[in-house]
Amino acid sequence: MSVQMHIPGVSDLTDETKSPFPLNQWYVAALSKELTDQPVGRTLLSQAVVLFRDGDGRVHALEDRCCHRALPLSSGTLEDAGIRCGYHGMLYNGGGQCIDIPGQDIIPPRAKVKSYQVKEVDGFIWMWFGLDQDAEPLFEPPNYAVHSSGKYLYDGDVYHYEAPYQLIHDNLLDLSHLGYVHLRTIGGDAKTHMNADMRVTGEGECVRVVRHMRDSLPPPTYTAAYPFKDRIDRWQEIEFLPTHLKIWTGAVDANSEDLNDPERGGFHMRGFHGVTPETETTSHYFWTIATNPQSDPEATLQKVVEQTALTFEEDKVVIEDQYQNMLKFGHAPMISIHVDAGANRARRIIEKLRSTAG
Amino acid sequence: MSVQMHIPGVSDLTDETKSPFPLNQWYVAALSKELTDQPVGRTLLSQAVVLFRDGDGRVHALEDRCCHRALPLSSGTLEDAGIRCGYHGMLYNGGGQCIDIPGQDIIPPRAKVKSYQVKEVDGFIWMWFGLDQDAEPLFEPPNYAVHSSGKYLYDGDVYHYEAPYQLIHDNLLDLSHLGYVHLRTIGGDAKTHMNADMRVTGEGECVRVVRHMRDSLPPPTYTAAYPFKDRIDRWQEIEFLPTHLKIWTGAVDANSEDLNDPERGGFHMRGFHGVTPETETTSHYFWTIATNPQSDPEATLQKVVEQTALTFEEDKVVIEDQYQNMLKFGHAPMISIHVDAGANRARRIIEKLRSTAG
Amino acid sequence: MSVQMHIPGVSDLTDETKSPFPLNQWYVAALSKELTDQPVGRTLLSQAVVLFRDGDGRVHALEDRCCHRALPLSSGTLEDAGIRCGYHGMLYNGGGQCIDIPGQDIIPPRAKVKSYQVKEVDGFIWMWFGLDQDAEPLFEPPNYAVHSSGKYLYDGDVYHYEAPYQLIHDNLLDLSHLGYVHLRTIGGDAKTHMNADMRVTGEGECVRVVRHMRDSLPPPTYTAAYPFKDRIDRWQEIEFLPTHLKIWTGAVDANSEDLNDPERGGFHMRGFHGVTPETETTSHYFWTIATNPQSDPEATLQKVVEQTALTFEEDKVVIEDQYQNMLKFGHAPMISIHVDAGANRARRIIEKLRSTAG
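So the sequences go chain by chain: A, B and C.
Residues 107 to 464 in my numbering are what the first sequence spells out, letter by letter.
Residues 107 to 464 in my numbering are what the second sequence spells out, letter by letter.
Residues 107 to 464 in my numbering are what the third sequence spells out, letter by letter.
Treat the hints as calculated values from the structure; they're not laboratory data.
Careful, some of the hints might be misleading.
Note that identical chains are pooled: a pair holds if it fits in a single copy or bridges any two copies.
The calculated DSS-like cross-link candidates involving lysine-lysine, where the alpha carbons are at most 25 Å apart (straight line), are [stated by the list, open to error]:
id : residue 1 : residue 2
1  : K434      : K352
2  : K458      : K297
3  : K124      : K218
4  : K220      : K422
5  : K297      : K139
6  : K220      : K434
7  : K139      : K422
8  : K225      : K257
9  : K218      : K434
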């Protein structure tokens, strides 16, 4: 089976006429909670951007470069009307137009910087990257009811990866690695994970992987968060879309409920994973974890968040080591095994989106 | 207005047939106080040089490379007669000739390294960089009476910048940035700086910018150093020459004296700024600050030096950020505003000197 | 005299049709003591390798890359049967064949990684690098009786150098640098070293340098380790082979014994120096030092090892500075002096071995 993957410096299969990233997509640019009274400078899909809120709380994204002497606007300061450069004080509004040049009456019309389409939905700042950069977005950014429904407590963070985005997709679509990489938190017995019942489905740009591990021992994070009686029936439901993944995992007491029923009880962890390329070789990883604590909600949430952070730090080490080693070995072929079905399907989707964008 | 600037990796306008730096010039290579009983290794205009004093206190500059096995001579040791390599002990005199090979009687004539023209004047070590490297200097290095007159106390330091030299010229020639970058020290009200009376003149390779800010509030460094009654009349006189700048700033009580009179009283700060390219993308910044303390001279000098160092560290952050951002954005054009008149004039002088050098 | 040397980025003489390293050679890959219950990942001659012991204590070397998703096997775990990848648990035996894919019954035959020829002899792990990588080694790796004879106590370590391997050869073949670089330990009076009686001989791929320093003052390491009466007669016997050097140094009381007699008494230090290229520009340096303590053997050994480590750290600084300076100055020629005879002979041997390998 031939599976293409865009790994700069590595893949034979890279077609330079294609975009390195799927375009005509909304990508996560920030978590809502990151944008307070300071601007945030961040490179997204190889473009240096400053993100900030104006006096009304509206979020804007501009090219991160003053048009006068090229200072990053992200080292400037926020005002109600926009963002002021920290070198000679030029002020820009949310549309990128300069609206004040201190000591000078006339503002030349070309005193402006590029602005980007951003929308804030359910705790995320989404940013549109179009094939045609001047065109309007073709559709709306996604809602995320897990954050807005009130049924869950959640928190999250942003991690930076020295690795291309598709290696993070691979990692999230194949949870069989939990038994080897995440023994301390959500892992548990390795064979249980490798031998899970797995079903891979999907349509369009979506891939779904469902894995059931029945009658297994609860891992450390689970026992710490929920009063299981003994062995558990555990599920992992992964939904991949080109710019983000949602992973709904959890467990009930063994043989107590139907694992396929979305209304099942027990312990739930609902993860959101925004995977946004920083450059072709580095990535931003925006994650939140939501859970349904039975008692002492804040303490339980905090514990779940801590363990999730620990888990993702373990993944980060593995993925960055993997990329360094891929660079070292260049074009050496990879063989696929049974657990790769979902990841390989996602790679084909990304490959197709890169072509249509080219 | 088209203004050329040699920014490696950035400018469209770079003509590779030109020298990256003005030649036939004296550049500051070191402060006198740096050369004690240890040699100093330093790259100047892309040439690795060792600077040292011999037993008579005379300063010499040699190629920083033993002709035997290429060790930097700057990791060797000083003797009365010259500098001895730290690997196998070859001794070189100030002219670069090897005068001792331990254990070997005959010294081959080709056992020598290149030497440079250096002169020590008023606390600076100047080094000649000629278009023809073997020719004698065409003129003498400049005096600096501020150091030798006995009217001022002074001290200084050397900073290293990860940015090309012309960005430091820009910064020093346009002091309107004080209100945004240096609030904590010599800044003060931003609008005062942006609205200063400014006059730009010059002849030959010299640019002069004079700025007056009348009836303004004294900034923190000024009030700490001098007993102003209330508001002040403040001057800034900048003199640019291709390898260094002199900046005479100060203030008198508002409406008490003629700001154009060089004999004016009040509080004075006289800065010397030697901007010497290390490479095309990095720079040495040699500075001294002289002042005329009214009381407790040593303590006042120390305070002024500390605040000046703090100010230059703020500039360093801005200039290095600027250069990184210029590299990120490549050939994006810059627009000029009213405060850039002096800096733009200096750029044209440097551009012309690079051509005649080619 | 023209002496060739393969210094990447420096030498005019580099012939790219040659191998950068002598091939058909055994190189030291590790000290025996390094391989315990953890695998060791190491790049040797530009190849990333994992070294480990199986349950029987036998040493194996494999390509450091899981054939599934390219993780370094060296971040995996050891089992009796081999090494298990830390991502999805694939297990490899010492021959590089995958023998377990968790959760999958069939193991495809192409699920394997490259294996290397390794042999453990007298405390070293030797690895064969052939001109034809699939051919058997042409000869056996060397014994090292100094470790196995029981006459000496020894210990050692591995250092990493940011410099090409031939600069380490140079350093070890020319001990005249002791008086300038190693004053604190094995140096002593510089002139004594530079004026030593020196004889350079050799045959085939071997160079021998013998140096005698009669009636000299003992250096710090010697007086600390042995009860010399006063002045000493000191010898240094260096034997160079393409992948390693042996250096037998020591001293007897002045005029008490024949320095050319291998059965001479006094204080002995016998050094082994495995110089294995990591890449063309970086090196591994495996060293052991053996000595013959007169009293309190463990404490004396410890002192000798500490001083040797200190000495090699001094060499590391010099050699890395030298390489950086060679890169800075590019093709500038080097002149040779009397002490270079042995090093120049070794360079010609390496040059010849690189050609026959091409």
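Tell me, please, which holds for K218 and K434 at an alpha-carbon limit of 25 Å: within, between, both or neither? between (43 Å within a copy, 18 Å between copies)
Up to 25 Å CA-CA - K218 versus K124, copy category: So K124 and K218 fail the 25 Å test inside a copy (30 Å) and across (33 Å) alike.
Indicate which option fits the pair K458, K297 if close means a Cα-Cα distance not exceeding 25 Å: within, between, both or neither. Classified as neither: same-chain Cα gap 34 Å, cross-chain 55 Å, threshold 25 Å.
What label fits K434 with K352 when the C-alpha limit is 25 Å: within, between, both, or neither? Result: close neither inside a copy nor across copies, 32 Å intra and 33 Å inter.
Homomeric proximity label, K220 with K434: Cα distance no greater than 25 Å: between (38 Å within a copy, 15 Å between copies)
25 Å Cα cut-off: does K225 pair with K257 within a copy, between copies, both or neither? within (24 Å within a copy, 63 Å between copies)
At most 25 Å between alpha carbons: which applies to K139 and K422, within, between, both or neither? within (23 Å within a copy, 31 Å between copies)
Using 25 Å as the alpha carbon limit, work out where K220 and K422 are close: within a copy, between copies, both or neither. The answer is neither: 33 Å in one copy and 27 Å across copies each exceed 25 Å.
With identical chains, the pair K297 and K139 could be close in the same copy or across copies; at 25 Å between alpha carbons, which is it: within, between, both, or neither? neither (39 Å within a copy, 34 Å between copies)
This entry does not satisfy hints 1, 2, 3, 4, 5, going by the numbered hints stated previously.
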